[in-house]
Amino acid sequence: MGVRGLGAEARRARIAERVQHAGSVFVDDICREFGVSEVTARTDLSALEQEGRLTRIRGGAVAPPSAAAISYPAERVAAHLDAKRAIGRAAANLVHDGDVVFLDTGTTTLCVAEELDDRSGIVLVTADLAIASYASLNLPHARTILLPGRLWPNRLYLTGPEIRERLANIYGDIAFLNANLVDAEGSCWTEFEPDARTKRLFMDHATKAILLADASKVVMRPNEQVSRMERYPALFARLDEFDAHICEREPWQEARPAAGSRRTVTMVAPS
Amino acid sequence: MPRDTSPQERQAFIMDWLVKSPRVTVADICREFGVSEVTARHDLIALERSGRLKRTRGGAVSLSRTMVLSYPEERASRNVAAKDLIGRAAANLVHEGDTIIVDIGTTTLEFTKALAGKRGVSIITADVAIASYASFNLPNLGVILPGGTLRPGHLYLAGPLTLDGMTDLHADAAFVSADAYAPGHGFTVQHDFSASIKRIYLRNAHRRIMLLDSSKVGKTSFFRYSDLEDFDAIVTDADPGNQLARAVRQASRQPRLIVAGDRLGGNVETDGTSWA
Numbered sequence: 144m145g146v147r148g149l150g151a152e153a154r155r156a157r158i159a160e161r162v163q164h165a166g167s168v169f170v171d172d173i174c175r176e177f178g179v180s181e182v183t184a185r186t187d188l189s190a191l192e193q194e195g196r197l198t199r200i201r202g203g204a205v206a207p208p209s210a211a212a213i214s215y216p217a218e219r220v221a222a223h224l225d226a227k228r229a230i231g232r233a234a235a236n237l238v239h240d241g242d243v244v245f246l247d248t249g250t251t252t253l254c255v256a257e258e259l260d261d262r263s264g265i266v267l268v269t270a271d272l273a274i275a276s277y278a279s280l281n282l283p284h285a286r287t288i289l290l291p292g293r294l295w296p297n298r299l300y301l302t303g304p305e306i307r308e309r310l311a312n313i314y315g316d317i318a319f320l321n322a323n324l325v326d327a328e329g330s331c332w333t334e335f336e337p338d339a340r341t342k343r344l345f346m347d348h349a350t351k352a353i354l355l356a357d358a359s360k361v362v363m364r365p366n367e368q369v370s371r372m373e374r375y376p377a378l379f380a381r382l383d384e385f386d387a388h389i390c391e392r393e394p395w396q397e398a399r400p401a402a403g404s405r406r407t408v409t410m411v412a413p414s
Numbered sequence: 054m055p056r057d058t059s060p061q062e063r064q065a066f067i068m069d070w071l072v073k074s075p076r077v078t079v080a081d082i083c084r085e086f087g088v089s090e091v092t093a094r095h096d097l098i099a100l101e102r103s104g105r106l107k108r109t110r111g112g113a114v115s116l117s118r119t120m121v122l123s124y125p126e127e128r129a130s131r132n133v134a135a136k137d138l139i140g141r142a143a144a145n146l147v148h149e150g151d152t153i154i155v156d157i158g159t160t161t162l163e164f165t166k167a168l169a170g171k172r173g174v175s176i177i178t179a180d181v182a183i184a185s186y187a188s189f190n191l192p193n194l195g196v197i198l199p200g201g202t203l204r205p206g207h208l209y210l211a212g213p214l215t216l217d218g219m220t221d222l223h224a225d226a227a228f229v230s231a232d233a234y235a236p237g238h239g240f241t242v243q244h245d246f247s248a249s250i251k252r253i254y255l256r257n258a259h260r261r262i263m264l265l266d267s268s269k270v271g272k273t274s275f276f277r278y279s280d281l282e283d284f285d286a287i288v289t290d291a292d293p294g295n296q297l298a299r300a301v302r303q304a305s306r307q308p309r310l311i312v313a314g315d316r317l318g319g320n321v322e323t324d325g326t327s328w329a
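Keeping their order, the protein sequence lines are chains A and B. What the first sequence shows, in the working numbering, is residues 144 to 414, in sequence order. What the second sequence shows, in the working numbering, is residues 54 to 329, in sequence order.
Read the hints as simulated data drawn from the structure, not as lab findings. Ideal placement from N, C-alpha and C gives every residue a C-beta, glycine not left out. Treat each hint with caution, since some may be false.
[Stated by the list, open to error] Over the 12 Å line for every Cβ pair with chain B, so calculated as not near, a few chain A residues:
#: 1; residue: R155
#: 2; residue: S189
#: 3; residue: P216
#: 4; residue: E308
#: 5; residue: E328
#: 6; residue: A339
#: 7; residue: V411
[Claimed, not checked] Below, computed lysine to aspartate or glutamate pairings styled on EDC-like, alpha-carbon distance capped at 20 Å:
#: 8; chain 1: B; residue 1: K269; chain 2: B; residue 2: D315
#: 9; chain 1: B; residue 1: K107; chain 2: A; residue 2: E218
#: 10; chain 1: B; residue 1: K107; chain 2: B; residue 2: D81
#: 11; chain 1: B; residue 1: K171; chain 2: B; residue 2: D151
#: 12; chain 1: B; residue 1: K107; chain 2: A; residue 2: D225
#: 13; chain 1: B; residue 1: K107; chain 2: B; residue 2: D137
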């Protein structure tokens, strides 16, 4: 975020951006990263609050409240949106009336939910508040179950040991999972260990498990792999544990990973 | 009027424009800032690259998908001042380190907002809107949900799975709501599932506090789930005609009545009652 010697306007613009992306900013961080005094940092926050770009809290600031909207930040939703929509449509085609559907947390699985409005009698099980809220308000023929647990700051999904207990008695017909990263060996990675545990539980309790990962999540070259793996250190599955992987185009330009070659069908979603 | 504007300034303006209207044109940008078409297009290209809009012929459209879910808007905006007063007064009853149950509703949402700055507090709630608000705006607050079925068309959990989920969740204090209160009829709600979960809240909490705005007093809904005796405190914004005060005096076990609008600036002075 920080650069020393910036004028007030540019500094405030960066602070506002940080609040938008990270959800919060603290006075200490501003002082340290921009080399300004606490008074200056607080004045910045005060000015930005006047403009409605953040809300001040003790020690810092958070993104302005939008009590009505339960959604991911616009940038995250927008990234590779066409691909996610195509994947969502293809995934929804695998759902039958009356199915119990497990939906992992993320923007691609939200696209699946958006395509399920004409299915009747389905049960959606999720730990994601954006998906659960969307379904409750937009899918009148579905029953939506939110898993129990703890919600961490700036996250819209629940995690915790209660999920294991709750899922112990639920069987799903089909589970749709997102991956942040699928590497050249076909290992599937995500950001947080608690989330990886939930993904595993979904896979273990559903008859079919489908991986939804657009081509940007699939890594081919080793050097690209290392930097991304630092961001996504939690392993949750191998490609061959899935019944299918839906992608918007054929992701494996050269050899398919050995882990994926036998069982997993790669479905290319028609655009 | 032409003046020197930075790309950031123009881009912030463009994003604001797209909040209010579905599309912005290159012409709009040129007119607003007196810049050339090339410059305006560069602004749009930059925003598209960072995934914030989608360029179209002649301009751009918003990308924010409609996940703006309507929390019943009329309920939210009615009596906000009263609910805010109640929320702030009730927040004074929360101690650092408390785990508290926060019931569904718009008054309890205002109460949750008033918890900003409290240290070590966790909330247990079935209200998905309150939970997500806290997640993004109150990073110091722990947030726990009991899980269960979402009531269709609404943003809260209700039903047997939620009751199950609440069974093992205990709290230092429960802050609950009601649809109505009338002397002799107690606190009532519209739905049986509401009554069931609120009874569990009261049973599982050490201290019990009712948050009720004055417009609900003197009314009766369908299902009674509690009365004055069940509470340690009642927090309201006003008590016209002393209806509540009189009912409290006649109760077999008297809760503390806090009328937030009566105090200076909505601050509640302690009366020496111990809140162990």
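Status of each hint after checking the structure:
1. Not every beta carbon of chain B lies more than 12 Å from that of R155(A), the smallest distance being close to 10 Å; the non-interface claim is violated.
2. Annotated as non-interface, S189(A) keeps its C-beta farther than 12 Å from every C-beta of chain B; the closest such distance is 16 Å.
3. With a closest Cβ-Cβ approach of about 9 Å to chain B, P216(A) is found to fall inside the 12 Å limit, against its non-interface label.
4. Its closest Cβ contact with chain B, about 10 Å, brings E308(A) to no more than 12 Å, contrary to its assignment away from the interface.
5. Every CB of chain B is more than 12 Å from the CB of E328(A) (nearest about 29 Å), matching its label as outside the interface.
6. No Cβ of chain B approaches the Cβ of A339(A) within 12 Å, the least distance being about 20 Å, so the stated non-interface status holds.
7. Chain B leaves V411(A) outside its interface by the beta-carbon criterion, the shortest separation being 23 Å against a cut-off of 12 Å.
8. Taken as a hint, the K269(B) and D315(B) pair is honoured in the structure, with Cα atoms around 18 Å apart against an allowance of 20 Å.
9. With a CA separation close to 11 Å, the supplied pair K107(B) and E218(A) stays within the 20 Å bound.
10. Note on K107(B) and D81(B): the hinted pairing holds, with a Cα-Cα distance of about 16 Å set against a maximum of 20 Å.
11. Our distance criterion of 20 Å between C-alpha atoms is met by K171(B) and D151(B), whose separation comes to about 10 Å.
12. As the CA atoms of K107(B) and D225(A) are separated by approximately 11 Å, the hinted pair is consistent with the 20 Å bound.
13. For the suggested pair K107(B) and D137(B), the alpha carbons sit about 39 Å apart, so the restraint of at most 20 Å is broken.
The structure shown violates the earlier hints numbered 1, 3, 4 and 13.
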